[in-house]
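S.K.: These protein sequence lines map, in sequence, to chains A and B.
Residues in the first sequence are numbered consecutively from 1, following the UniProt record's numbering.
Residues in the second sequence are numbered consecutively from 1, following the UniProt record's numbering.
Bear in mind the hints are in silico, worked out from the structure with no lab data behind them.
Even for Gly, the Cβ is constructed at its ideal location relative to N, Cα and C.
Hints are supplied without guarantee of correctness; some may be wrong.
[Stated by the list, open to error] What the simulated footprint calls covered on chain B by chain A, stretch by stretch (three residues with Cβ under 8 Å from a Cβ of chain A suffice, anywhere in the stretch; the number is not a length):
1. 46-60
2. 179-189
3. 200-212
4. 257-266
[Said to hold, decoys possible] Coverage of chain B stretches by chain A, computed from C-beta distances (three or more under 8 Å per stretch; other residues unrestricted):
5. 29-41
6. 216-230
7. 295-302
8. 313-325
9. 333-347
Number of protein chains: 2
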Amino acid sequence: MVQFQTTLNSLKSYEAGKPIELVVREFGIDPKDVIKLGSNENPFGCAPAVVKAVQDFASKMSYYPDDSYLDLKNALARKFDVTPDRIIPGNGSDQVLDFACRCVLGVGDSVLINRITFAMYRIYSLQCGAKVHSTETVPHDLDAFLDLAKIVKPKILFLCTPSNPVGDALSKSDVYEFLRRLSPETLVVIDAAYMEFGKQKDQNKFIPAKEVTDLFPNVFFTGTFSKVYGLGGMRIGYGIGSSELIKNIYKMRPPFSVTNLSALAATEALNNESHVENYLKSNLEELGRYEKFAKEESIEFIDSYANFITFFARKHGKSSTEIAQSLLRKGIILRDLKSYELNALRITIGRPEQNDKVLETLKTEFI
Amino acid sequence: MVQFQTTLNSLKSYEAGKPIELVVREFGIDPKDVIKLGSNENPFGCAPAVVKAVQDFASKMSYYPDDSYLDLKNALARKFDVTPDRIIPGNGSDQVLDFACRCVLGVGDSVLINRITFAMYRIYSLQCGAKVHSTETVPHDLDAFLDLAKIVKPKILFLCTPSNPVGDALSKSDVYEFLRRLSPETLVVIDAAYMEFGKQKDQNKFIPAKEVTDLFPNVFFTGTFSKVYGLGGMRIGYGIGSSELIKNIYKMRPPFSVTNLSALAATEALNNESHVENYLKSNLEELGRYEKFAKEESIEFIDSYANFITFFARKHGKSSTEIAQSLLRKGIILRDLKSYELNALRITIGRPEQNDKVLETLKTEFI
């Protein structure tokens, strides 16, 4: 018998948002009738020019990617005003989060996360055999982080802002003050997967990657093409840090970890920012409709700086799981936050006509 | 200052085959004039139906993949006559190799590899803090493996057959005899990235995934779509084992690790085996031309069961590095095996007209 690492025993798999294929398989619903608002994807898709670039390049899928990913890194370098040696691409920002964990975590080391946060921080940490500590509140509480950090001395600390899965965001000044007070030996991951949405809603909540990593060499800043750029299926994200930090994180990177079509799509997406601007405009308007609805219906929600909103189920009504299941049978995929120990639903803001249908349905379900 | 794992100090990055982009950048050669035979890609590309499927699906890149990868797993299950729960997909077979290492390796554990073998086995093992031992011969020597295994008691042992980067292959009967004599506590990875080529050349060198993993539950068998299927750029591979083994290896897998276009392309590739058959036929014929050339020119080579052949540079002539550099300036990319400590070149078997040019050029370079 092969002996596996004992750390495997404590691992549970990530519970992913449900795919359209599942609703088709389980309920026999026509794929084109499914409204998928469970995974915070761009409901308008990626820019048409990105689709075209991928189609044009498709006959070259047999070639391994250019492992330097120079075109993509140059494009990201321009976006963030940093040199390319301060960027590491990954198979989703997920992968660069994994690299960061493996760079610093040994068995028994401490990690500090928010109580409600992206589930993979815990999983990657546990895979390294680390011990995961968390704060107690639903939105981030930086004072609580500082107090706990003094006790558990984390090797890594994760801030997710705007935060997945609840949508709160930290202000730049609060984060800088926090970083000044924290030990510089702690690697601080700022997962900014939703930064473009936060920036649009409130400039004070935007943390510039260059500035924060210049000021604090212990910060690893991560972003993704899965959200605002509409490339969730292509698995492409990146990390930004000091050149020294990136050099170390690169050591955990396997070659060719991003497909050639993904690198191409991401590079092309950065040339089509007007598509993103239009989406951001629609998202903010439509988010407003969800907020208005929640207030009218007296549904508790969290002020969101992202492309989703979290509605808490009523205390004495249907549970979030019951609502999510009922909607699923109607072909509407939302995200039940039960796996995050919240009696709440996370709803991706869709296209106007999708939101019409979701809001209409929620009215009868949220009881 | 952030403290990194001490294991990082011993890590060197993988030296990847050179991309076309590099030759274009460095020597100003037109991309369409570059002959890329350095990375064992399918020189005919993937099947046209695969290209079409990807083009048709490209507008759906915004959707996260179906994380069950059920369509792909079902197609692979049919190919290998196993149940889908015995399959794990990965971002290249590279990624499932990484999962396997992380499942069993702790700091200080032993790993056993062949002296000349795929470089990533060592890198993944070192990333886990393991100690890597290796045999002394260029082709695999199973007796030497057994002798060393008794001493170092490896947690993982890697067999690469047909072997990258030199092309030798083990016979099924020898591998089974070896597995019978080895401790069942050692996880044996059989990396069969080139299995389709070996099977075609000599059926006795083919190891059926179902049979070997049925007989030996400590075997993890891996394959890829990067070689014969012509999808190197799409990063898709898989592992096969007992359902118990796969369940454990799954625990190290992050969600969505394969892009939706990659999973689609691989599934479609399995529906277009005639494209593969045509390529295999051409490869074997053209491989024969390289063998004939080597004999005529008295170039030392290794009998190959893959889509490449290894030519040793002459003892008193140009070194492999000099030849590779000279060819590069002419727009021909081969793989210098210096990083494997061999004074040799690995040449991917190309299309007939590419091989014409390479053989003609080699005649004047191999002095």
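S.K.: Each hint should be assessed against the structure and marked as holding or not.
M.R.: Now for the hints, and whether the structure bears them out:
| no. | hint | in the structure |
| --- | --- | --- |
| 1 | 46-60 | holds (count 8) |
| 2 | 179-189 | holds (count 4) |
| 3 | 200-212 | violated (count 0) |
| 4 | 257-266 | holds (count 7) |
| 5 | 29-41 | holds (count 3) |
| 6 | 216-230 | holds (count 4) |
| 7 | 295-302 | violated (count 0) |
| 8 | 313-325 | violated (count 0) |
| 9 | 333-347 | violated (count 0) |
Hint violations for this structure: numbers 3, 7, 8 and 9, all remaining hints satisfied.
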